[in-house]
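Residue-level listing of the chains:
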Amino acid sequence: MADTTSKEMQVKEKHEVNKPEQTRPAPIFTPAVDIFETDTEITLLADLPGVTSDNLNIDLNDSVLTLTGDIEPFENPDEEDLMIEYEVGQYYRQFTLSEIIDQNKIEANLGDGVLRLTLPKAEKAKPRKIEVKAG
Amino acid sequence: MITSRFFDFPTLGWRSHFDELDRMRQQIDRLMNDTERQTFRVPGTGVFPLLNLTEDKDNYYLRAELPGVKSDDLEINATNSNISISGERKLPEENKGARFHRRERDSGRFSRAITLPGKIDSDKISASLTNGMLTVTIPKAESAKPRQIQIH
Chain A
1 MADTTSKEMQ
11 VKEKHEVNKP
21 EQTRPAPIFT
31 PAVDIFETDT
41 EITLLADLPG
51 VTSDNLNIDL
61 NDSVLTLTGD
71 IEPFENPDEE
81 DLMIEYEVGQ
91 YYRQFTLSEI
101 IDQNKIEANL
111 GDGVLRLTLP
121 KAEKAKPRKI
131 EVKAG
Chain B
1001 MITSRFFDFP
1011 TLGWRSHFDE
1021 LDRMRQQIDR
1031 LMNDTERQTF
1041 RVPGTGVFPL
1051 LNLTEDKDNY
1061 YLRAELPGVK
1071 SDDLEINATN
1081 SNISISGERK
1091 LPEENKGARF
1101 HRRERDSGRF
1111 SRAITLPGKI
1121 DSDKISASLT
1131 NGMLTVTIPK
1141 AESAKPRQIQ
1151 IH
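In order, the protein sequences belong to chains A and B.
Note that my numbering has the first sequence beginning at 1, numbered continuously upward.
Note that my numbering has the second sequence beginning at 1001, numbered continuously upward.
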């Protein structure tokens, strides 16, 4: 914590979404994500606190990427609430990918409540340098 | 109220607007009362991280969502019945050539203190950080625990 230049963190309210037709009524939240792209791959980082790898579902279908994370109740049933500032629920977010992804090489890594999803671009989607021949 | 007094010209229609607002407020109040939620949700102190505090017979449980925070970067201190949580969330430097499409995750320092409603046994506090969820288990002091009185 010697770094004095780093800024203070601000509170971000969890953003609740309305997904129609739930069998189990519980709030659903949108996880905060970072998405960045290099020439070879797209990387997605998502904050999913409390989600275990068993409860995380990543689905890529027709270039629509769906993240669903379930939370298991972690409170003992005999606990009484004294102060509740945040609510806990499922995570859900969908993205449409504009690039062609090599589905076999997708890597997902979940650690400390952060998902790191690496989506390598398919060969034909990578930019190719075209050589111009003089003549 | 002063505003409604000074701007209370019927021709300007101010009054009706205020009445409308009042009516809406009453409706919202009624809705809130109807739901009868057991826990009162604190609108938020605006200080990161947001905390949930629960209790059972023996312990207080303080929970916070801290995804991506390493336990080495987290510091928890307890004095009397105050608990303070401070630390830093560091996001690893990404490839320089990467183009960002979305950047919603924050990094930075944080520090928060909370006073517990009862006496605690500060020697026996334990904390765990799993899957980005911090749980601090704070045992209540013997004198603060509820006691069952035997009737002879």
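To be clear, the hints were calculated from the coordinates, so they are not data collected in a lab.
Honestly, I wouldn't trust all of these hints.
[What the hints assert, rightly or not] Listed next, the in silico DSS-like pairs over lysine-lysine satisfying Cα-Cα at most 30 angstroms (straight line): (1) Lys1124/B to Lys1070/B; (2) Lys121/A to Lys1090/B; (3) Lys7/A to Lys1057/B; (4) Lys12/A to Lys1145/B; (5) Lys124/A to Lys1119/B; (6) Lys14/A to Lys1090/B; (7) Lys1090/B to Lys1145/B; (8) Lys7/A to Lys1070/B; (9) Lys1070/B to Lys129/A; (10) Lys1145/B to Lys14/A; (11) Lys1057/B to Lys1096/B; (12) Lys105/A to Lys1070/B; (13) Lys1124/B to Lys1145/B; (14) Lys105/A to Lys121/A; (15) Lys105/A to Lys1096/B; (16) Lys121/A to Lys1096/B; (17) Lys1090/B to Lys12/A; (18) Lys1057/B to Lys1090/B; (19) Lys1090/B to Lys7/A; (20) Lys133/A to Lys121/A; (21) Lys1124/B to Lys1057/B; (22) Lys12/A to Lys1096/B; (23) Lys1119/B to Lys1096/B; (24) Lys1090/B to Lys1119/B; (25) Lys105/A to Lys1090/B; (26) Lys105/A to Lys124/A; (27) Lys1070/B to Lys1090/B; (28) Lys105/A to Lys129/A.
Here is how each hint holds up against the structure:
| no. | hint | in the structure |
| --- | --- | --- |
| 1 | Lys1124/B to Lys1070/B | holds (22 angstroms) |
| 2 | Lys121/A to Lys1090/B | holds (28 angstroms) |
| 3 | Lys7/A to Lys1057/B | violated (39 angstroms) |
| 4 | Lys12/A to Lys1145/B | violated (35 angstroms) |
| 5 | Lys124/A to Lys1119/B | violated (65 angstroms) |
| 6 | Lys14/A to Lys1090/B | holds (20 angstroms) |
| 7 | Lys1090/B to Lys1145/B | violated (39 angstroms) |
| 8 | Lys7/A to Lys1070/B | holds (18 angstroms) |
| 9 | Lys1070/B to Lys129/A | violated (42 angstroms) |
| 10 | Lys1145/B to Lys14/A | violated (34 angstroms) |
| 11 | Lys1057/B to Lys1096/B | violated (52 angstroms) |
| 12 | Lys105/A to Lys1070/B | holds (28 angstroms) |
| 13 | Lys1124/B to Lys1145/B | holds (15 angstroms) |
| 14 | Lys105/A to Lys121/A | holds (9 angstroms) |
| 15 | Lys105/A to Lys1096/B | holds (23 angstroms) |
| 16 | Lys121/A to Lys1096/B | holds (18 angstroms) |
| 17 | Lys1090/B to Lys12/A | holds (17 angstroms) |
| 18 | Lys1057/B to Lys1090/B | violated (37 angstroms) |
| 19 | Lys1090/B to Lys7/A | holds (11 angstroms) |
| 20 | Lys133/A to Lys121/A | holds (28 angstroms) |
| 21 | Lys1124/B to Lys1057/B | holds (16 angstroms) |
| 22 | Lys12/A to Lys1096/B | holds (27 angstroms) |
| 23 | Lys1119/B to Lys1096/B | violated (51 angstroms) |
| 24 | Lys1090/B to Lys1119/B | violated (34 angstroms) |
| 25 | Lys105/A to Lys1090/B | holds (28 angstroms) |
| 26 | Lys105/A to Lys124/A | holds (15 angstroms) |
| 27 | Lys1070/B to Lys1090/B | holds (8 angstroms) |
| 28 | Lys105/A to Lys129/A | holds (23 angstroms) |
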